[in-house]
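J.: These are the residues of each chain, in order.
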Amino acid sequence: MPFTLLVNGTERKVEAAPEESLLYVLRDNLNLTGTKYGCGEGQCGACTVLLAGRPVRSCITPVSAAAGKPITTIEGLERDGSLHPVQEAFLKVEAFECAYCTSGMIMSAVGLLSRNPSPSDEQMHDFMNGNICRCCAYPRILEAVKQAANLARERAR
Amino acid sequence: MTPPTASLALNGAHDLALENAEQASIPKLGFHFELQRREFFKLMGGGLLVGMCVSSLAQESGGGKNRESEDDLPTALSAWLHVAEDGKVTVFTGKVEVGQNIRTSLSQQVAEELRAPMESIRLVMGDTALTPFDMGTFGSRTTPTMGPRLRNVAATAREALIGLAAERWHVSRNTLVAAEGRITDPLSRRSISYGELSRGQELVTLIPGDPALVPPKEWKIAGTAVPKVDGRAFVTGQHKYSPDMSRPGMLIGKIVRPAAFQATLVSVDSSEAAKMPGVTVVRDGNFVGVTAPDEATATRAAQAIRAEWKAPAQSSDATLFADLRKPSTDDGANYGGPPRHVVGSIEQGLASADKTLQQTYTIAYIAHAPLEPRAALAEWSDGKLTVWTGTQRPFAVRDDLAQMFRVPIANVRVIVPDTGAAYGGKHTGDAAPEAARLAKATGKPVRVVWTREEEFTWAYFRPAGVIDVKSGVRRDGTLVAWQFDNYNSGPSAIRTPYNVANQKIEFHDSDSPLRQGSYRGLAATANHFARETHMDELAHLLGMDPLEFRLKNLNDPRLTAVFHAAAEKFGWGREKSSATRGFGIAGGVEKGGYVATCAEVAIDAATRDVAVKRLVVAFDCGAVVNPDGLRNQVMGAAVQGLGGGLFEAIRFDNGKITNPHFAEYRVPRFKDTPQVEVVLLDRKDLPPAGAGETPIVGTAPAVGNAIFAATGIRLRSLPLVPDGLPKA
Chain S
1 MPFTLLVNGT
11 ERKVEAAPEE
21 SLLYVLRDNL
31 NLTGTKYGCG
41 EGQCGACTVL
51 LAGRPVRSCI
61 TPVSAAAGKP
71 ITTIEGLERD
81 GSLHPVQEAF
91 LKVEAFECAY
101 CTSGMIMSAV
111 GLLSRNPSPS
121 DEQMHDFMNG
131 NICRCCAYPR
141 ILEAVKQAAN
151 LARERAR
Chain W
1001 MTPPTASLAL
1011 NGAHDLALEN
1021 AEQASIPKLG
1031 FHFELQRREF
1041 FKLMGGGLLV
1051 GMCVSSLAQE
1061 SGGGKNRESE
1071 DDLPTALSAW
1081 LHVAEDGKVT
1091 VFTGKVEVGQ
1101 NIRTSLSQQV
1111 AEELRAPMES
1121 IRLVMGDTAL
1131 TPFDMGTFGS
1141 RTTPTMGPRL
1151 RNVAATAREA
1161 LIGLAAERWH
1171 VSRNTLVAAE
1181 GRITDPLSRR
1191 SISYGELSRG
1201 QELVTLIPGD
1211 PALVPPKEWK
1221 IAGTAVPKVD
1231 GRAFVTGQHK
1241 YSPDMSRPGM
1251 LIGKIVRPAA
1261 FQATLVSVDS
1271 SEAAKMPGVT
1281 VVRDGNFVGV
1291 TAPDEATATR
1301 AAQAIRAEWK
1311 APAQSSDATL
1321 FADLRKPSTD
1331 DGANYGGPPR
1341 HVVGSIEQGL
1351 ASADKTLQQT
1361 YTIAYIAHAP
1371 LEPRAALAEW
1381 SDGKLTVWTG
1391 TQRPFAVRDD
1401 LAQMFRVPIA
1411 NVRVIVPDTG
1421 AAYGGKHTGD
1431 AAPEAARLAK
1441 ATGKPVRVVW
1451 TREEEFTWAY
1461 FRPAGVIDVK
1471 SGVRRDGTLV
1481 AWQFDNYNSG
1491 PSAIRTPYNV
1501 ANQKIEFHDS
1511 DSPLRQGSYR
1521 GLAATANHFA
1531 RETHMDELAH
1541 LLGMDPLEFR
1551 LKNLNDPRLT
1561 AVFHAAAEKF
1571 GWGREKSSAT
1581 RGFGIAGGVE
1591 KGGYVATCAE
1601 VAIDAATRDV
1611 AVKRLVVAFD
1621 CGAVVNPDGL
1631 RNQVMGAAVQ
1641 GLGGGLFEAI
1651 RFDNGKITNP
1661 HFAEYRVPRF
1671 KDTPQVEVVL
1681 LDRKDLPPAG
1691 AGETPIVGTA
1701 PAVGNAIFAA
1711 TGIRLRSLPL
1721 VPDGLPKA
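Protein sequence lines, in the order shown, are assigned to chains S and W.
Going by the numbering used here, the first sequence runs without a break in its numbering and finishes at 157.
Going by the numbering used here, the second sequence runs without a break in its numbering and finishes at 1728.
Check the hints yourself; a few may be wrong.
What the hints assert, rightly or not - The calculated label-pair distances, taken between Cβ atoms and stated as ranges, are: (1) W/Glu1575 with S/Glu19: 52 to 58 Å; (2) S/Lys69 with W/Asp1284: 43 to 49 Å; (3) W/Glu1575 with S/Ser118: 31 to 37 Å; (4) S/Lys146 with W/Asp1269: 43 to 49 Å; (5) S/Gly9 with W/Gly1278: 30 to 36 Å; (6) W/Gly1712 with S/Glu41: 37 to 43 Å; (7) W/Asp1269 with S/Glu19: 37 to 43 Å.
Claimed, not checked - If you want a taste of the chain W side facing chain S, the calculated C-beta under 10 Å gives, among others: (8) Leu1187; (9) Ser1188; (10) His1239; (11) Asp1244; (12) Pro1248; (13) Leu1371; (14) Gly1643; (15) Asn1654; (16) Thr1658; (17) Pro1674.
Rather than coming from a laboratory, the hints here were simulated on the basis of the structure.
Small disclaimer: the values here were computed from a predicted structure and weren't measured.
Using N, Cα and C, we set each Cβ at its ideal position, and we do this for glycine too.
Model the full assembly from the supplied sequences, consistent with the hints where possible.
T.: What follows is the structure, encoded as structure tokens:
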């Protein structure tokens, strides 16, 4: 059946079964392949997108539950060719090795910082624990989230 | 064709054998390099082309001379480099990028020798139609072998460009300077870019001999923290991994997996699936697969197929270690020779000891679980097959595909996009024949992406193992006897780096109940765990400090140096372990890398949870090519080692994996991550060694030794604490 999705600020009409996962609609119908399949079970976070500003696992989110609400994917973070502070920090710190988890990590971090602009280490651990990096670049990812928080605060000033 | 599921069991052992073959420097296999000179310049445009031969072919064919009169390129090239008329440099290598950052570190080395800016250099990697043959990306071989080759190629290109400028200006080449992509004549102040010099040329040069390489002490680009090439593509989601690839008209493929390992297909009822719109069912021997226009339909169709399988009764993890002690029934399955190592007399050594110790250590199967699962996109066109897939051995996958589909090797092209990790787990290209088979049946491009459950079940595992150690020491701390028997886990790093006058060290083949193969560091992790745990036990038996005991029995200056460096950074010996806080140390040598790891653990007395609070890793791999990339590798390996060290284990029963999901198979997450400090010993006087593997080996024994220091509980099985700390 037809759904209207609000993806990265644009209305997109898609045809899909209501129970179909948002992940495959994004990847295959809308060609937004920055959002990754990692487990299909909501266990690894590689498929994380923002739904109404909150990080969700798109692999276990039915497309029907996402219709009509703003969806942000990794492709929608840049503004006028400028990277989002979280993207910038990940790049600067080089908070990745194979980088397959990076989209999901960045989306979770964006979700965290929008709720809590100055998270403690423990709050970061708690919030990000659902995102797996198999290369285990965790120390650098935490460092990148901290730097992104600083960067965002500087820009807000 | 051979059904892929039936051929799986063979590949794992074959891979290990191959990897060991590489380590023993067995000559390379034959090449199939068919791109011709004319075709090459048609593809790349004119310019300067430098190729490197690995064999004596360079001399035989007049290497060093320009080959303008001959049309064929030599067939034994191992790397080549093209300088285009616009100054862009393209380097071709069969190595692949799987997160170890070689696209960047190899580019740096080319930039260094060519004296060209990093931005002008592009690497074409792992494309069997474009890059020279390469055996594969494993065994930490890229840095020690491909690095020097590319440096040679780049230095030769630089010298050729200097020659072209000298010819053009009628001056002696000795007065000219190459820097930043230009040749300059300081006397006449003339300057010309590499691109301009290459214009109108179709010049082929083979490596003439040994061009002078820039010594690491004088490196300006290599040796520095150059950021990851294409980094922006990864933080914006633009990089296309194999599962992100698509082709016009592409279908999605799913495989109907057997109910158990070694199962054969009895019957299939696919009538319901075949009725679904756009669905094609393919059966070939033991292989059953479906294609559909989209993921959801393909999944539904695969689930709708009623397949009946017959499987023999198989063992479970409950009897694993007893099973592994039984000798292998397959003479051909071993590593190509008995790797028994004997020094002195173990009997006399044990007899002369003041104290002896005998212990057994066990190691569970673990999964690589790369976040990018096995995936392939296959397309047939006019009898030619192109496959995009994440594999560490694109040429082997190409050869397998050619054999399976009975087409000439020249008709198969395998392309490896930069891949979402491998850790030794992608020596095979398991999804490639599956996608190719479905594409052949449907006449359309087909993409197969394994599910996480398939990944945890049908990929191969790091070998499980049993290790017996029997040792003898004198009261003064001198090791006098060392007997070490490894069953199944593998011979990598099986020998001891410590001085022992009497040694007997042996690897024993077993029949592995599960498909097994390479893993980051191979058996070095298991062998270091057993050895470094046993060394700790001996130190405690003697009442000596574990570091002091190791140093007393060591003369290797590089290993001694990393032990000192790690201990100093960690503050070893400054505080004593308590019931809730323990300190441990371990170290070793493998693949040219020297590592020492110190660990601090915290024990929760109430919950009996073990938390690793701090890891200090000192590492020496010769001259450092990229300190930032290297720190990332070392830190990642150390933390990844916590998974196999603390809680990762594949469970199985009667031909089935019983924990094939991240919910049941625990990998390190943020909350498991300690503070990690990396100390690099940059040895600019030594050639660089690989670094992707060895830093993992110290983690498990250092943590186990720290747990003992706090609790007095000696853990001799990996994983150490899958269910928290056991009772004393």
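J.: Each of the hints needs a verdict: does it hold here or not?
T.: Each hint, compared with the structure:
no.: 1; hint: W/Glu1575 with S/Glu19: 52 to 58 Å; verdict: holds (57 Å)
no.: 2; hint: S/Lys69 with W/Asp1284: 43 to 49 Å; verdict: holds (45 Å)
no.: 3; hint: W/Glu1575 with S/Ser118: 31 to 37 Å; verdict: holds (32 Å)
no.: 4; hint: S/Lys146 with W/Asp1269: 43 to 49 Å; verdict: violated (57 Å)
no.: 5; hint: S/Gly9 with W/Gly1278: 30 to 36 Å; verdict: holds (33 Å)
no.: 6; hint: W/Gly1712 with S/Glu41: 37 to 43 Å; verdict: holds (40 Å)
no.: 7; hint: W/Asp1269 with S/Glu19: 37 to 43 Å; verdict: violated (25 Å)
no.: 8; hint: Leu1187; verdict: violated (43 Å)
no.: 9; hint: Ser1188; verdict: violated (43 Å)
no.: 10; hint: His1239; verdict: holds (7 Å)
no.: 11; hint: Asp1244; verdict: holds (4 Å)
no.: 12; hint: Pro1248; verdict: violated (12 Å)
no.: 13; hint: Leu1371; verdict: holds (4 Å)
no.: 14; hint: Gly1643; verdict: holds (8 Å)
no.: 15; hint: Asn1654; verdict: violated (24 Å)
no.: 16; hint: Thr1658; verdict: violated (16 Å)
no.: 17; hint: Pro1674; verdict: holds (9 Å)
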